[in-house]
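Novice: Protein sequence lines, in the order shown, are assigned to chains A and B.
Residue 259 in numbering that gives the first Met the number 0 is what sits at position 260 of the first sequence, and the numbering runs on without skipping anything.
Residue 299 in numbering that gives the first Met the number 0 is what sits at position 300 of the second sequence, and the numbering runs on without skipping anything.
It is worth saying that the hints were derived from the structure and are not from the lab.
Be careful, since some hints might not be right.
As the list claims (entries may be wrong) - Each pair of labels, with its calculated beta carbon distance range: (1) B:Ser255 / A:Val44: 39 to 45 Å; (2) A:Ile91 / B:Gly259: 22 to 28 Å; (3) B:Ala194 / A:Arg310: 53 to 59 Å; (4) B:Ala1 / A:Pro127: 32 to 38 Å; (5) A:Thr308 / B:Glu197: 35 to 41 Å; (6) A:Pro138 / B:Gln126: 52 to 58 Å.
What the hints assert, rightly or not - Simulated pairs of lysine to aspartate or glutamate, EDC-like, Cα-Cα distance not exceeding 20 Å: (7) A:Lys212 / A:Asp179; (8) B:Lys263 / B:Asp127; (9) B:Lys253 / B:Asp220; (10) B:Lys290 / A:Asp42; (11) A:Lys144 / B:Glu197; (12) B:Lys17 / B:Glu42; (13) B:Lys17 / B:Glu88; (14) A:Lys212 / A:Glu188; (15) A:Lys60 / B:Asp220; (16) A:Lys284 / A:Asp306; (17) A:Lys60 / B:Glu197; (18) A:Lys96 / B:Glu172; (19) B:Lys90 / B:Asp114; (20) A:Lys139 / A:Glu85; (21) B:Lys253 / A:Asp55; (22) A:Lys288 / A:Asp179; (23) B:Lys290 / B:Glu209; (24) A:Lys96 / B:Glu173; (25) A:Lys60 / B:Asp219; (26) A:Lys144 / A:Glu90; (27) B:Lys96 / B:Glu42; (28) B:Lys80 / B:Glu42; (29) A:Lys311 / A:Asp42; (30) A:Lys311 / A:Asp175; (31) A:Lys284 / B:Asp220; (32) A:Lys212 / A:Asp175; (33) B:Lys187 / B:Asp273; (34) A:Lys60 / A:Asp42; (35) A:Lys60 / A:Asp95; (36) B:Lys290 / A:Glu85.
If you're wondering where the values come from, they're calculated on a predicted model, not measured in any experiment.
Just so you know, even glycine gets a beta-carbon here, dropped at the ideal spot from N, CA and C.
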Amino acid sequence: MLEVADRSASSDTEHSDSPISSAPPKRATGSSLNAVNNWVPHDLVMRDSWFPLAHDHAVGKTPVRRAVYSQPYYLWREDGKVVASEFHPLEIVTRDKSPYTDARGRYPVMEHYGLIWGWFGRPGAADPAHLPSLPFLPPKGGLPKHMTATIRFDCSAPISLENLIDLTHADFLHADVVGDEKSDSEQVEVFYDSETITMVRSLVNKSVAPIMKLFSGISQPTQNVRQVIRIYLRSHCAIAYGRFSPGDDVPLFHPCTPESRDRTRMEMVMNTSNAGLMFRHVMPKAGYKVSRQDSSMTNPQSPRYMDLTPRKDLHSRFDQAGQRYRLLMMDLAARQEAGDFEYRDNVSADCSDIIGLRKELFQY
Amino acid sequence: MASPWWKVALSEEVTSAKPLAVDLGDQPVVLWRDAQGIARALEDRCPHRRAPLSRGCIRDNGWIQCGYHGWSYDGESGRLKDIPNMKDEQKFPPLYKAAAFAVSESGGFVSINLDQNTTMPTPAVAQDFDLCDTAHVALGQDQWINALFDDPGLVLNIRSVQFTPYLMSDLREENGMLVMERFCQWGKVHWPSYATAEFPITLITRTHPETGETEAVLRDDSFRTLLTAQLAPVAGARGITQVRWRAKVGDVLKGSHATGLRHKGSFTVRETIDAAALRVLIPSASHLANKLRQDIIAAAPAATPSVSAAA
């Protein structure tokens, strides 16, 4: 069930007056609203989940290498059907099989939305019903390659996703791509359940994104913007959907696959099919620039979140979504640590209404 | 904790022609080969007037002779054997000896143990790799290893290989060693690593938790071994690190970059560190290494094998 966040997730957060406390920090047992301000995202491992590992066009007969939490995934096709194995076909196997694969060392794997998804967790629990809903992507794939890319972030996956759901950073870090922070009004709403979090940010008369000025031919100085970030917590997958008026609808699939604990892989798909010719080709390339801008901040952030520290993070009301994201991730991790891997909410149910997708533009 | 074995010299460096001065932290050590060709190690300090024994010479019978007053010592026991001016009286009390260290030689490395009666198993290196050298680096041993973990390109140079910041697997414990696998690229002309989907090669490192000895294996995406190197970083005097290394190019090399590894100088340990790059290197694998290292040592204090034996 989707709830509306009606209060700050961090209302009872305390901060020490002294910047460095000598008292050793205690690791939170279960998540509290207070604990989110010194969380340790590097310790979070999500099991029983589909992770997007590759674009379908990247996998052929020759094995390609992927990893989830350092666990090797070798992908190739046999008779056109994709295979995911923890052993390379040419490997002289000297290591034991992990509990994440069947007797042959193969992971559950499926192909959907133009992506190869590998299951990380108990193989018997793999179910297509746990695949995130991405209603703006054709289920059988087929979008042109120029709308896809592989981009890496130099930080842990939860830090990368927290960066994404905190959209106010974009006005500063990505101002040259998406525009500055000036607008007449700004509203942020947060919705969540046990498996997802959705943030909707509505801005009136925001400075026009420079990339739209240049490549969509928008001449007005301002535009109304509705931005949605929806994160599927277990899969570390996000939807970033911007509706710009005047302007285009730009839905982006933004997965953050935790290849290793301090590095993140994104098999990006931006469906710009409905945009003008120039914008359609240029906008997906913006990821190369934006991702570097993000990594310039999240890379040095990342090691500072590897240990529990006595100093807690500060926050403003614009961090509401990020605080809630931390809390939900910690709740889910605590549940998994206690042996509960069940999905309490359905992640594959069509989320078009939740993200406000203009369905007439994306009919599959 | 038992005293570990340290690879303090390459076999080629230790001869019966001239003593070799090395150090293990602040401990000066003299190495040479005796008349039987066995490598010997004593404290590089004559107990008579504290002169470095390494400034002396090796006698035909294999004893080392101090260059100051000619006192001669047996390498195995460190016992004083001869004082030139006392021709008639050559029996000396047991106290008359230089500190001797246990010595072991394997795979082209000479190792010493500061505890002469150590029960630690001697290092066993399976192969004698043909490429070798010693690099002296103006960086502490722990920081050298941290740099190896976070950006090997700062401390190693492998012809045509670019190390990326992306890992196939995080630093983890495997058979008592710290093991990780890093994605690498060939050559300089390619997409930036952050925008690259597939990497053709990886570097696997297996590092001893206590000594930092590391086996580095460069492997292609078909599991062919392209190059194997044994690295032995040892803390030296004044905070510098002496890295002795041996390397071997793989038997089956495919592609121009891989075959280029056969060129002379295709593998080296950098003598100089780009300090500006090192200063801003964001800690990643090294951050977690300390705890992992302590956990491994605590779990098996006497059983941590030599890097070469584990490999």
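Novice: Now, for every hint given, state plainly whether the structure supports it.
Specialist: Here is how each hint holds up against the structure:
no., hint, result
1, B:Ser255 / A:Val44: 39 to 45 Å, "41 Å, holds"
2, A:Ile91 / B:Gly259: 22 to 28 Å, "26 Å, holds"
3, B:Ala194 / A:Arg310: 53 to 59 Å, "35 Å, violated"
4, B:Ala1 / A:Pro127: 32 to 38 Å, "55 Å, violated"
5, A:Thr308 / B:Glu197: 35 to 41 Å, "37 Å, holds"
6, A:Pro138 / B:Gln126: 52 to 58 Å, "54 Å, holds"
7, A:Lys212 / A:Asp179, "13 Å, holds"
8, B:Lys263 / B:Asp127, "18 Å, holds"
9, B:Lys253 / B:Asp220, "11 Å, holds"
10, B:Lys290 / A:Asp42, "14 Å, holds"
11, A:Lys144 / B:Glu197, "16 Å, holds"
12, B:Lys17 / B:Glu42, "16 Å, holds"
13, B:Lys17 / B:Glu88, "28 Å, violated"
14, A:Lys212 / A:Glu188, "28 Å, violated"
15, A:Lys60 / B:Asp220, "14 Å, holds"
16, A:Lys284 / A:Asp306, "35 Å, violated"
17, A:Lys60 / B:Glu197, "15 Å, holds"
18, A:Lys96 / B:Glu172, "16 Å, holds"
19, B:Lys90 / B:Asp114, "26 Å, violated"
20, A:Lys139 / A:Glu85, "26 Å, violated"
21, B:Lys253 / A:Asp55, "28 Å, violated"
22, A:Lys288 / A:Asp179, "16 Å, holds"
23, B:Lys290 / B:Glu209, "12 Å, holds"
24, A:Lys96 / B:Glu173, "14 Å, holds"
25, A:Lys60 / B:Asp219, "17 Å, holds"
26, A:Lys144 / A:Glu90, "31 Å, violated"
27, B:Lys96 / B:Glu42, "10 Å, holds"
28, B:Lys80 / B:Glu42, "16 Å, holds"
29, A:Lys311 / A:Asp42, "17 Å, holds"
30, A:Lys311 / A:Asp175, "31 Å, violated"
31, A:Lys284 / B:Asp220, "28 Å, violated"
32, A:Lys212 / A:Asp175, "11 Å, holds"
33, B:Lys187 / B:Asp273, "19 Å, holds"
34, A:Lys60 / A:Asp42, "35 Å, violated"
35, A:Lys60 / A:Asp95, "25 Å, violated"
36, B:Lys290 / A:Glu85, "27 Å, violated"
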